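Place chain B on chain A using the hints.
Protein chains: 2
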Amino acid sequence: MDPEQQRLAEGFLYTDQYQLTMAQLYFRMGLHERRAQFDHFFRRYPNYGSHQAGYCVNAGLEWLLQWMRSAHITDQDIEFLANQRGPGGVRTFGDDFLRWLKRVGGFDAISLRAIPEGRVVHPDVPLTVVEGPLAIAQILETPLLNLLNYQTLIATKAARIREVARKSTVLEFGLRRGPERGANAGGRAALIGGADFTSNVALSHLLSLPPKGTHAHSMVQVFMALGEGELAAFRAYAEVYPDNCLLLVDTVDTLGSGVPNAITVFEELRRAGHRPVGIRLDSGDLAYLSIQAARMLDAAGFPDTVIVLSNELDELNIWQITSQIAEEAPRYGVDPDRLIRRLVYGVGTRLITSAGQSALDGVYKLVAVEADGEMRPAIKISETIAKTINPGNKRAWRLYDRRGLATADVLTLADEDPTDQRELLLRHPADHTKYRTLRRSEISEIEPLLVEVLREGRLVADLPPLEELRRRRQADVERLDPGVRRLVTPHIYHVSLSSRLWDLKQALIAEAKARNGVEATS
Amino acid sequence: MDPEQQRLAEGFLYTDQYQLTMAQLYFRMGLHERRAQFDHFFRRYPNYGSHQAGYCVNAGLEWLLQWMRSAHITDQDIEFLANQRGPGGVRTFGDDFLRWLKRVGGFDAISLRAIPEGRVVHPDVPLTVVEGPLAIAQILETPLLNLLNYQTLIATKAARIREVARKSTVLEFGLRRGPERGANAGGRAALIGGADFTSNVALSHLLSLPPKGTHAHSMVQVFMALGEGELAAFRAYAEVYPDNCLLLVDTVDTLGSGVPNAITVFEELRRAGHRPVGIRLDSGDLAYLSIQAARMLDAAGFPDTVIVLSNELDELNIWQITSQIAEEAPRYGVDPDRLIRRLVYGVGTRLITSAGQSALDGVYKLVAVEADGEMRPAIKISETIAKTINPGNKRAWRLYDRRGLATADVLTLADEDPTDQRELLLRHPADHTKYRTLRRSEISEIEPLLVEVLREGRLVADLPPLEELRRRRQADVERLDPGVRRLVTPHIYHVSLSSRLWDLKQALIAEAKARNGVEATS
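If you read the sequences in order, they're chains A and B.
The letter at position 485 of the first sequence is residue 485 when you use our numbering, and the numbering goes up by one with no holes.
The letter at position 480 of the second sequence is residue 480 when you use our numbering, and the numbering goes up by one with no holes.
So that you can see chain A by itself, here it is in the shape it has in the complex:
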């Protein structure tokens, strides 16, 4: 794509064809300007095969809002639609509809509530609630899901890596194998979810972070091809970056030449009054090599240099590495805790692609539509009751127990306020036999989760800087039960419905089945 094509390809028509054909249908039926409400939520935590998430981290909202502001329908867009033809050469879109679309021009009539970016979120809870004219809110489905699903997926993966990395620095290195231009969104989400820095220069600039990096094997290769060796390459690096000297030691032979050559250069730097930063290991048994490298660096008087690890890292690999170090380091006289504290993790491919589970199953479902001046709740029945949506205009709340830990998210009708209630009956969203009663005294805090973000296209919320999004994530993660934070077979966090919402859902299911001639018990 050239830049002009890209503007087109990421503009108002960055949506699915059926959104536009449905929009025209609503237009023809006189329904296009009815107020409608759609909930965006996901159904299942990412499941990576051998391990699975017990919570997600919400991300992507700011870039969605910016996209909505910039996605104005252009004359070129209208012309393309006007020229679309179906079977028999019939034009797909009529001039009446296109004139209306041109006049509407974009998403200025949309109102939006959302759970703020960086917050911990759970299945079935609306992360974003869209209200606006039916046809326009319908067209927004695809870009909204595109811009939110992926960032939430990656922020969640990053939070898992943050859990195992503990206090170590995590560097996001994924640009080269990330999903083309989506890699910037992936990098941003990683930084919200748990990475400290990224190697992506432009993204760092955008987010006011210093980009991080060392050097590649190719630098050592250049010197070798020119008849010099690894040591010459390291010396050149130290000469140019005497106060930021971090050397990649595995181009030739990590322990046989890389680490000894690095130490030689570090000694030269020290004599010249500089502090070497450390080494990077990018292949082999990273646990074993980091123990041996630490031993050699310690013996040479560089106990404070960092050891950056990279090469297909993810939460399980890091866990394996630290477990192996805990076991093996003492045999070589290396203090495992001190070694683990000096590690830095460079995490690339497996973070930016959420390896093992490469998509979040976020959906966008109609929950209410205007009729006779009021919002009428809408239902969608599925084969499984678990997939049947929670209808109507709702509020979402988080309940904290006496320990101050989150114990459940609760969905209620819009006019319900659980803070007023002495006792809360929490119903499982699908299984009618499962419910529990919480007395108000067992609850230390009841927090509303959704905040108003857009009021008819106008921004009415702050879009805080990255630092604040990270603070939210950290605070929320710390208020989870440790069982929910487990990397493997985490505890199930409760998402419940209020009694009144449950009753509404059952009534709508029965009504829908009756109207469509299906037995209510089927």
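These aren't lab readings, by the way, just hints derived from the structure by calculation.
Which copy is meant is left open, so a pair is good if it fits within one copy or across any two.
Result set (SDA-like, lysine to any residue): computed pairs, CA atoms no more than 25 Å apart in a straight line: (1) Lys434 / Leu405; (2) Lys387 / Arg44; (3) Lys167 / Leu466; (4) Lys513 / Asp282; (5) Lys513 / Pro260; (6) Lys387 / Gly284; (7) Lys102 / Pro210; (8) Lys434 / Arg500; (9) Lys102 / Glu239; (10) Lys102 / Ile78; (11) Lys513 / Gly229; (12) Lys167 / Gln52; (13) Lys387 / Ser310; (14) Lys513 / Ser283; (15) Lys387 / Asp282.
These figures come from a predicted structure and were not determined experimentally.
The following block gives chain B in isolation, referenced to the frame of chain A:
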């Protein structure tokens, strides 16, 4: 990102920090304008866990070239770099280097050879060969990999789906769960690799294809919420799109209401002189439901309507569905072959994310650098000989056997021409015990794979339309041995080195080990 931020975020600095620090190092050492050559290749076919690819489909080149043309370094980029500071507040980049970078301005000095888009490709064969000033060719590494790896990954997945879909239409539906703005590249790659159309409106526009789609559950829900039912929704759709009427039948009860209601509407359309298009199934046992739906449609006199299937489809699911139909359809008096021919596959998430293997391991390795006026081959040794690169300026050839099927790709030195040779000795790239000799008479064709694309920034190759890329892919796939095309445990396609290239590689390995004080046998 707003549009201004996006230009920055996808511009010249869309690279890793270490590329820039290495570039400055080369500048300081006077090496920055040395001619250097880098090979881009992948090491392993995608492995999806239970199944794996036996070939890849090359994609992404056109968009890389367009990115290179538009990625000029801006004053803002320079200012950002000038303000970067390392430990102790020292500026990372000096004014001398930044002046040089500003003067260079972009990638106009880069020459590039590549295997054309759409062609079948294999591990270790250079897909792209970059030659240019060392510092600039180094900076190109990250964006080149970013822009090529993902498209090749997705085109490969699409080719697998094409294999099982046989002659059925495949629709790409992945935008909503694709990787944010990378979804356009994913959609394009899917269309190169095997999808016929996409639901992505803007991308279709860009590629001059008609976008495809039906309607969503939400349309039926709207009518239900307004006190009407599925049948009213279907009638409205038929009224607006009488010649393009494709109805989603699973909002309420697929066989109990959806298909019967669709048939009612189809009969009304037929009486009015229109031809209904078909139905879509998006949940449940798609094989069983499509058999039952086909039976009902046939009985009602609509044997030519299509049945679109969607819901987490990929090559294995489609394989399962068609196998089950072959087994089960006769029991219900339905001709399985005829049913399979009327199926259309809507493939979304699992295609656009390459589910099971979410990244291609494409790398970019220095293979030669200028010294004393000539290009000196460069080597990188790894722990495993399989990961040791193939050095020097090379050519890549494809050999076809007497049946006209591709039997091996061969890498040779630049001055070798296998078409001149009576006998070819093909060596395994890593295992010295494995080689085979092919007589010229056993080979029906020897085809050079790399074509010149950029000569010092100037485009010297055609960038053909999508249709041509698809034609190449189809022709190449048809010239593969059926064993290589298998979805599960495919045969290994041979990639070999010429004797002279093998000898060069061994000599460089020995030399590198000797120079760095490592025993040659280690």
